[in-house]
Amino acid sequence: MVAPEETEALARLARLSLSDAERETFPGQLARILAYIDTLAQVDVEGVDEYVGEQDALDLRDDEVGPMLSADEALSGVPAARDGHVVVPKFKED
Amino acid sequence: MELLGVSARELARLVRGGEVSAREVAQAYLDRIGQTEEKVHAYLARLPERALADADRVDAARVRGDELGPLAGVPVGLKDIFVTRGVPTSCGSRMLADWEPSYDGSHVRRIAEAGGVLLGKLAMDEFAMGSSNENTPFSPVHNPWALDHVPGGSSGGSAAAVAAGSCALSLGTDTGGSIRQPASLCGVVGIKPTYGRVSRHGMVAFASSLDQAGPFARDVRDAALMLGVIAGHDPNDATSLRAEVPDYVAACDAGISGARVGVHRAALEIDGLDADVRSAFERSLEVLAEAGAHLVDIELPHFEYAIATYYVLATAEASSNLARYDGVRYGLRESRDSLLSMYEATREAGFGDEVKRRIMLGTFVLRADSYEQYYGRAMRVRTLIAQDYTRAFESCDLIASPVSPVPGWKLGERVSDPLAMYLADVFTIGVNLAGLPGMSVPGGFSTGSPRLPIGLQLIGPRLSEPRLFAAGAAYEAATSWHTERPPEVSS
Numbered sequence: 001m002v003a004p005e006e007t008e009a010l011a012r013l014a015r016l017s018l019s020d021a022e023r024e025t026f027p028g029q030l031a032r033i034l035a036y037i038d039t040l041a042q043v044d045v046e047g048v049d050e051y052v053g054e055q056d057a058l059d060l061r062d063d064e065v066g067p068m069l070s071a072d073e074a075l076s077g078v079p080a081a082r083d084g085h086v087v088v089p090k091f092k093e094d
Numbered sequence: 001m002e003l004l005g006v007s008a009r010e011l012a013r014l015v016r017g018g019e020v021s022a023r024e025v026a027q028a029y030l031d032r033i034g035q036t037e038e039k040v041h042a043y044l045a046r047l048p049e050r051a052l053a054d055a056d057r058v059d060a061a062r063v064r065g066d067e068l069g070p071l072a073g074v075p076v077g078l079k080d081i082f083v084t085r086g087v088p089t090s091c092g093s094r095m096l097a098d099w100e101p102s103y104d105g106s107h108v109r110r111i112a113e114a115g116g117v118l119l120g121k122l123a124m125d126e127f128a129m130g131s132s133n134e135n136t137p138f139s140p141v142h143n144p145w146a147l148d149h150v151p152g153g154s155s156g157g158s159a160a161a162v163a164a165g166s167c168a169l170s171l172g173t174d175t176g177g178s179i180r181q182p183a184s185l186c187g188v189v190g191i192k193p194t195y196g197r198v199s200r201h202g203m204v205a206f207a208s209s210l211d212q213a214g215p216f217a218r219d220v221r222d223a224a225l226m227l228g229v230i231a232g233h234d235p236n237d238a239t240s241l242r243a244e245v246p247d248y249v250a251a252c253d254a255g256i257s258g259a260r261v262g263v264h265r266a267a268l269e270i271d272g273l274d275a276d277v278r279s280a281f282e283r284s285l286e287v288l289a290e291a292g293a294h295l296v297d298i299e300l301p302h303f304e305y306a307i308a309t310y311y312v313l314a315t316a317e318a319s320s321n322l323a324r325y326d327g328v329r330y331g332l333r334e335s336r337d338s339l340l341s342m343y344e345a346t347r348e349a350g351f352g353d354e355v356k357r358r359i360m361l362g363t364f365v366l367r368a369d370s371y372e373q374y375y376g377r378a379m380r381v382r383t384l385i386a387q388d389y390t391r392a393f394e395s396c397d398l399i400a401s402p403v404s405p406v407p408g409w410k411l412g413e414r415v416s417d418p419l420a421m422y423l424a425d426v427f428t429i430g431v432n433l434a435g436l437p438g439m440s441v442p443g444g445f446s447t448g449s450p451r452l453p454i455g456l457q458l459i460g461p462r463l464s465e466p467r468l469f470a471a472g473a474a475y476e477a478a479t480s481w482h483t484e485r486p487p488e489v490s491s
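Chains as they are written, first to last, in the working numbering: chain U, 1 to 94; chain L, 1 to 491.
Hints listed in this document are in silico derivations from the structure and should not be mistaken for laboratory results.
Worth double-checking, as some hints may not be accurate.
Said to hold, decoys possible - Restricting the straight-line Cα-Cα distance to at most 20 Å, the calculated cross-link-like pairs of lysine to any residue (SDA-like) are:
(1) U:Lys-90 x L:Leu-384
(2) U:Lys-90 x L:Ser-341
(3) U:Lys-90 x L:Val-328
(4) U:Lys-90 x L:Asp-337
(5) U:Lys-90 x L:Ser-335
The model shown is predicted, which means the values in this text are computed figures rather than measured ones.
The whole structure should be built from the sequences, with the hints applied where relevant.
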C-alpha cells in the first residue's frame, strides 16, 4: 500500500493538489500499479545497457537566425500577458 | 454523385480531374457529420467554415491550372492533439480547452500543402492517455459498430469518424497502441510508423521517445496515401529520420508470396484472450498462408514485461512533458496569490484522474533514490525487448499478432480499474518500445451480438512500412472485412 503521506509527498513534487476523493482512491490504485511494475525485478539486466534508440546522429540544425514567431504571436495563447511579458503572481519582495 | 463510399484516392482523382468540386465533397462530408455525430460524438470541434474555405482554395487552384496534391479535396479529421493555428487544440483536456495555437504543426501544414480539407478536431483520451476514449471531461466517443461500446483509445475519435464515414481520412497518435487498438475496435486500418518516420513537431507531447503520428483509413491504400503525405524529415524535429519516403501506395501491389510471417505462439496463451479474437487470428494466419506467406514460430522472451516497462518509461516522460502545464503560458490558469498555489490549483482543475495518476507514477519512478530500481531498470528491459524483435526478424520478414485481447467493451465497464485498462495494451506496446512500425487491418468480427470488429496486427523491422503495406493489401484482397459498414450509423 502506498502510504497516504507518500501520495501527498508525490503530489507536492508533481505540483498537484489532490481532492479528498483522490486522496481516498489514489494510494490503493498507485499501489496496485507499482506492484505490477515491480515484476521488472525478475528480469536479468546484468550487462545490458540502457536503451538509446536507433538514431544515427544528433541531428541539430545550423545555429542561424531564421523565421520565427513574433513575440506577439508567441504571447497570443498565454492566459495573461502585458507589454510583451507573461503576467504571473508576484514572487519577489521589492 | 455518391461521394461518401468512395476511397480517398478516388476522391482526389475526381477533384484533380475536375469531375467534382472540392466544395461538393466537403459539403457531402459535413452533411455526414451532421447525420452521425449525435450517435458517435467523434468530433470535439466541427469546422464547417474552415472546411469550405479549404475546399474553395483547392477549387481555385484547379481553375488556375496549379498542380494539385495527392489529397486534393480529401476531407480529413485530426486528433485534437495536432496543433492548428487559430483553432482550439485541447488535447482532450480542460487544461487546453481554450488554447488557440499561434502556429500550425507539421502535420497540418503537410496536409494543407497536399490539398487536404480540414473538417474538424477529433476526440481523444486526455493527453493521449487511455485505451477507451473515456478519460475525458468531454463526451466519450461511441463505437459506430455498437453505440454503447467503446471505440478504443486514445485516438477514439479518429477511428470512429473513419468507421462512421464522417471523414475520408484521419490522423491519430500512438504511444502504446493508440492508433492500432482503436483501429481494431472500429474495423478500420491504422498504422503507427517507425519512430521518427513522421515528425512530432506540432503534436502535443506525451512520451517523446514513444509518440508517433499515423493515419486511419477505410482501406490499406488510403492509409498508404496519407502516410506518404505526412512522412519525411522535418528540420523542426531532431528525432525525425532523413530516410527517403518511398511510394507507399505502389508498395501495396507487391504481394506477400514467399514472405516469412512470424507468430509468437506463447502470447496467445495469455489470460483474458477472447475466444473470438483468437479464432479470428488463426483464420487470418490461414489467409496469409493462402496468399503465399510462410508461417514461422518466433520467440519474444521479454514480451510479458513490456507493459510494466512502458508504464515506467511513458509515465516518467509524461511527468516531464506535462510539467509545462502550470497556468503560466498555456491554456487554463487558476489565478492565485502565489506561484505554487497557482500551479497546484491549475493542475488540479485542468487534469483528469488518469493524467494525474500517470504524472504521479512518473514522478515516483524518477525520484533520485529509486532511479536505478525503476527508470534505470526499465531502460535496460527496453533494450532487451528491442533485441527480442531484432532477433525475431532474423527468421521472419514480419510478425502477425492480434491487436487487442478483446473486442470493444461496454462504455463504463472498465473505468474503475486502471491496471485492467493497461493490460489491454499487451499486443501493441512492445512495438512502441522497440520503435518499430505496426499496422492494424480489419481482420474479422466477434460472433456474438453486437457484432464487433477484430483487427489483425502486422509488425515489421524499422522502415519496413512498404512491406507492411504489401502484406496488408494482400490480406485485404483475400478478405472483405474492410468493405463492411457499421449498421448503427448507416445512412
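The hints, checked one at a time:
no. : hint                 : verdict
1   : U:Lys-90 x L:Leu-384 : 49 Å, violated
2   : U:Lys-90 x L:Ser-341 : 12 Å, holds
3   : U:Lys-90 x L:Val-328 : 12 Å, holds
4   : U:Lys-90 x L:Asp-337 : 7 Å, holds
5   : U:Lys-90 x L:Ser-335 : 11 Å, holds
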